[in-house]
Amino acid sequence: MSVRGPIIDFPPEASCFDLEGLSLAYGETPALQELTLRVPRHRVTAFIGPSGCGKSTLLRALNRLHDLNESVSRRGRIRLEGQDIHAPEVAVDELRRRVGMVFQTPNPFPMSIYDNVAFGLRLRGGLTRRRRDDIVEWALSAAALWDEVKDRLRASAWSLSGGQQQRLVIARTLAVKPEVLLLDEPASALDPISTLKIEDLIRSLKGQLTLVLVTHNMQQAARVSDYTAFLQQGRLVEYAPTDTLFTNPRLARTENYITGRMA
Amino acid sequence: MSAVRAALQRRRPRAEGAGAWLAAGCVALSLLLLGALLLLIAVRGLGHFWPASVSLVELDDGRRLAGRAVRELPLPDGEGRERLYFTGNRGLDGQVWHWLPVARIVAESRPRDLVVLERRRWGDFIGRLVAVEPAPDAVAAGAGNGATAWAQLEARLAALERLREARDTLQRETIRPLARRLEADPGDGEARRALAAATARAARLRAAMDETILVLESVDGRRLRQPLDEVLAARRPNALSTWEKLAAWMQGVWRFLSEGPSAANSAGGVWPAIFGTVLMVLVMSLLVTPFGVLAAFYLNEVAHQGRLTRLVRIAVRNLAGVPSIVYGVFGLGVFVYGLGGTLDEWFFSDALPTPTFGTGGLLWASLTLALLTLPVVIVASEEGLARIPDHQREGALALGATRLEMLGRVVLPMAVPAMLTGVILAIARAAGEVVPLMLVGVAKLAPQIPVDGDFPFLHLDRKFMHLGYHIYGAAFHGDDVQAAMPLVFATALLLVLVILVLNLTAIFLRHHVSTRHAAPSRR
Ligand SMILES: Nc1ncnc2c1ncn2[C@@H]1O[C@H](COP(=O)(O)OP(=O)(O)OP(=O)(O)O)[C@@H](O)[C@H]1O
Ligand SMILES: [Mg+2]
Numbered sequence: 018m019s020v021r022g023p024i025i026d027f028p029p030e031a032s033c034f035d036l037e038g039l040s041l042a043y044g045e046t047p048a049l050q051e052l053t054l055r056v057p058r059h060r061v062t063a064f065i066g067p068s069g070c071g072k073s074t075l076l077r078a079l080n081r082l083h084d085l086n087e088s089v090s091r092r093g094r095i096r097l098e099g100q101d102i103h104a105p106e107v108a109v110d111e112l113r114r115r116v117g118m119v120f121q122t123p124n125p126f127p128m129s130i131y132d133n134v135a136f137g138l139r140l141r142g143g144l145t146r147r148r149r150d151d152i153v154e155w156a157l158s159a160a161a162l163w164d165e166v167k168d169r170l171r172a173s174a175w176s177l178s179g180g181q182q183q184r185l186v187i188a189r190t191l192a193v194k195p196e197v198l199l200l201d202e203p204a205s206a207l208d209p210i211s212t213l214k215i216e217d218l219i220r221s222l223k224g225q226l227t228l229v230l231v232t233h234n235m236q237q238a239a240r241v242s243d244y245t246a247f248l249q250q251g252r253l254v255e256y257a258p259t260d261t262l263f264t265n266p267r268l269a270r271t272e273n274y275i276t277g278r279m280a
Numbered sequence: 156m157s158a159v160r161a162a163l164q165r166r167r168p169r170a171e172g173a174g175a176w177l178a179a180g181c182v183a184l185s186l187l188l189l190g191a192l193l194l195l196i197a198v199r200g201l202g203h204f205w206p207a208s209v210s211l212v213e214l215d216d217g218r219r220l221a222g223r224a225v226r227e228l229p230l231p232d233g234e235g236r237e238r239l240y241f242t243g244n245r246g247l248d249g250q251v252w253h254w255l256p257v258a259r260i261v262a263e264s265r266p267r268d269l270v271v272l273e274r275r276r277w278g279d280f281i282g283r284l285v286a287v288e289p290a291p292d293a294v295a296a297g298a299g300n301g302a303t304a305w306a307q308l309e310a311r312l313a314a315l316e317r318l319r320e321a322r323d324t325l326q327r328e329t330i331r332p333l334a335r336r337l338e339a340d341p342g343d344g345e346a347r348r349a350l351a352a353a354t355a356r357a358a359r360l361r362a363a364m365d366e367t368i369l370v371l372e373s374v375d376g377r378r379l380r381q382p383l384d385e386v387l388a389a390r391r392p393n394a395l396s397t398w399e400k401l402a403a404w405m406q407g408v409w410r411f412l413s414e415g416p417s418a419a420n421s422a423g424g425v426w427p428a429i430f431g432t433v434l435m436v437l438v439m440s441l442l443v444t445p446f447g448v449l450a451a452f453y454l455n456e457v458a459h460q461g462r463l464t465r466l467v468r469i470a471v472r473n474l475a476g477v478p479s480i481v482y483g484v485f486g487l488g489v490f491v492y493g494l495g496g497t498l499d500e501w502f503f504s505d506a507l508p509t510p511t512f513g514t515g516g517l518l519w520a521s522l523t524l525a526l527l528t529l530p531v532v533i534v535a536s537e538e539g540l541a542r543i544p545d546h547q548r549e550g551a552l553a554l555g556a557t558r559l560e561m562l563g564r565v566v567l568p569m570a571v572p573a574m575l576t577g578v579i580l581a582i583a584r585a586a587g588e589v590v591p592l593m594l595v596g597v598a599k600l601a602p603q604i605p606v607d608g609d610f611p612f613l614h615l616d617r618k619f620m621h622l623g624y625h626i627y628g629a630a631f632h633g634d635d636v637q638a639a640m641p642l643v644f645a646t647a648l649l650l651v652l653v654i655l656v657l658n659l660t661a662i663f664l665r666h667h668v669s670t671r672h673a674a675p676s677r678r
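First to last, the protein sequences are chains F and A.
If you want our numbering, it's the 1-based position in the first sequence plus 17.
If you want our numbering, it's the 1-based position in the second sequence plus 155.
Do not rely on the hints blindly, as some may be mistaken.
Unchecked claim - Residues on chain A that point at chain F, a partial pick, calculated with CB under 8 Å:
1. Ala351
2. Pro392
3. Ala394
4. Glu549
5. Gly550
6. Leu552
7. Thr557
8. Glu560
9. Leu562
10. Val565
11. His614
12. Gln637
13. Met640
In short, the hints are calculated from the structure, not lab data.
All C-beta atoms, glycine included, are put in the ideal place defined by N, C-alpha and C.
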């Protein structure tokens with residue numbers, strides 16, 4: 018029924034995440050079932066699927082945000098660069114620094130723009146003011162926000178527009194230099210221009226980072242991602258290089274979904 | 156165009172109908188009652204300090220009285236009316252209130268030479284000033300001219316004030332330090348001599364203060380010799396212009412605010428009570444805030460959200476409904492006798508059996524009220540924490556913050572306004588609470604405020620005065636409740652104002668904090 022990983026064309030050493038039989042349930046309700054797939058390093062991988070199919074759940078499993086929720090139960094294994102992220106010797110805050118996440122709704126903290134970007138840097142300390150300023154500038158430039166905010170770094174982050182806020186959140190995440198960036202529908206609340214800016218940003222970041230993108234926008238997935246996985250009801254249906262999946266899906270279910278003919 | 160006009164002009168449908176009117180009526184009625192209450196206590200309280208005119212009344216049987224008309228009522232049998240006069244002169248008449256039937260008054264006038272003296276004992280005197288003794292050389296003794304005597308009285312009062320100040324300074328700056336030195340080193344001969352000299356000077360000052368005697372005469376001709384030292388204030392209300400009355404009124408208000416009580420709390424000022432109320436509330440806030448906030452953090456952020464936590468939460472909410480007297484009893488048993496008794500045994504055993512902490516005091520009262528207001532702070536803080544969106548917490552965690560860092564750097568700053576709201580509510584409740592205080596440390600008379608220059612400066616073991624208790628004492632336990640009534644109203648007004656100021660301070664603080672942390676609204 019479902020196709021598990023095999024048609025993916027990269028060698029195991031090039032994978033960043035390696036999921037093996039991952040199942041996850043909220044209480045009694047299963048949200049992910051027997052997921053086995055690999056996410057390539059320094060590429061953009063998109064997860065698509067109907068609402069409620071478990072995309073956000075999967076993303077949050079990758080940086081162990083589910084740890085907070087006592088009702089969540091999990092089976093299966095997730096490896097990051099070969100290491101099981103649930104192994105006892107893995108510090109969860111360290112893991113989350115390596116695997117940054119940007120949420121569906123922009124969530125800047127109620128502080129100044131500068132303090133938002135410096136938040137993660139200050140957590141570990143050990144940086145001079147100069148060095149921190151440099152990193153803040155670099156992160157804001159990388160998130161294509163520097164020119165818009167360089168004169169108002171002390172202004173409240175909540176005074177920015179929605180699109181600027183989302184880029185600020187990306188800058189905040191980039192500032193701690195993660196290896197992986199998880200993006201959960203980062204452009205769903207934004208206008209077309211801001212969306213394009215975010216897509217440019219994604220393209221410019223790949224090569225340095227592994228990006229995992231959840232989106233409802235087929236064109237967006239087609240535009241920016243290298244690989245696309247289609248999920249349905251918590252299961253992986255089809256996973257292929259983006260070109261292949263969008264032009265030549267193997268399963269009728271996938272084709273119906275991407276062409277908008279949902280049963 | 157016309158359609159737009161029509162749409163604009165069409166009135167909003169009053170779908171709520173009678174309901175809206177009823178609700179608005181209720182709001183209006185509540186506001187009206189509240190306004191009327193404040194107006195009543197303001198008028199009756201502040202009116203007390205107005206130097207009202209004094210009437211000289213002649214009755215048909217030849218009796219003469221001088222007094223302030225207070226109110227008038229119809230006689231019980233329906234024939235005519237009677238009027239209540241405050242006549243003072245307790246030492247002469249034994250009675251300060253007189254109900255006089257209006258029909259029997261044959262003459263009423265307002266002579267300018269009537270004086271009103273506020274005295275430390277015996278309350279007010281109303282009558283005439285005959286002479287001031289010993290008479291200065293320039294004026295022959297027994298001249299008996301009211302106007303010259305009045306001028307002398309004013310001069311003597313000012314001189315007396317200077318003498319008092321000189322004595323207080325001497326006491327504070329010379330005698331007390333010397334006595335301390337002697338206490339530490341009884342063999343210090345130099346200190347002993349200096350102390351003797353200072354004491355002699357104090358005695359001379361004292362004698363000078365006692366020297367002046369006023370010869371007074373009531374309007375029906377009885378004479379009275381009054382030491383000037385016992386006179387707190389002297390006025391000739393009928394001779395005052397409106398401006399002078401206003402000045403006297405302001406002076407009266409100021410003395411009420413800045414001086415200690417006198418005449419068994421039925422006269423004088425309330426400064427120690429203001430100070431005690433404010434200090435008690437401040438200490439209470441300092442105690443309740445950390446406890447309440449930490450408890451809320453535990454319940455909302457740390458504890459497993461199971462049945463036990465829910466139970467605890469319900470229990471905390473219900474604690475807010477426990478009658479305050481119960482907290483008072485608890486405070487007496489646990490804090491005063493339990494904790495205080497133990498502290499005395501451990502640290503102040505040489506003072507026993509006189510208790511130091513084992514009796515009511517500021518600390519125990521504050522602690523009891525902190526307990527009383529704890530539920531309010533917990534509930535408000537918890538609601539503040541619950542309102543913080545999860546994505547803010549997750550945002551911090553996703554940047555590699557530990558749970559503690561997330562709580563301290565993101566959640567706490569965002570919850571501060573809600574916590575301060577809890578503290579505001581706590582202050583509002585605690586400042587008005589009197590009943591439990593009676594058990595754990597409020598005193599009817601504690602003219603020594605709990606802060607002074609002696610180490611450790613803040614004396615948490617001392618008893619303190621409280622405006623609420625002062626009202627209760629003045630209204631029910633004075634010798635003359637009726638005379639103290641205006642003071643009760645004035646104190647009540649003051650209590651309301653003090654609570655208002657405390658609350659405004661906290662609100663100002665919250666506003667300040669929330670503009671710094673919670674950031675401006677989205678533009
Ligand atoms: N905290 C939670 N507790 C219980 N059930 C949850 C929780 N979060 C998600 N679910 C359930 O898990 C399933 C998957 O949810 P998830 O948020 O992963 O979907 P999604 O693919 O991200 O959907 P969308 O595209 O609408 O964001 C849904 O059926 C949802 O109801
Ligand atoms: Mg989602």
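Checking each numbered hint in turn, tell me which of them this model violates, lowest number first. As far as the earlier hints go, 1, 2, 3, 9, 11, 12 and 13 are violated by this structure, in ascending order.
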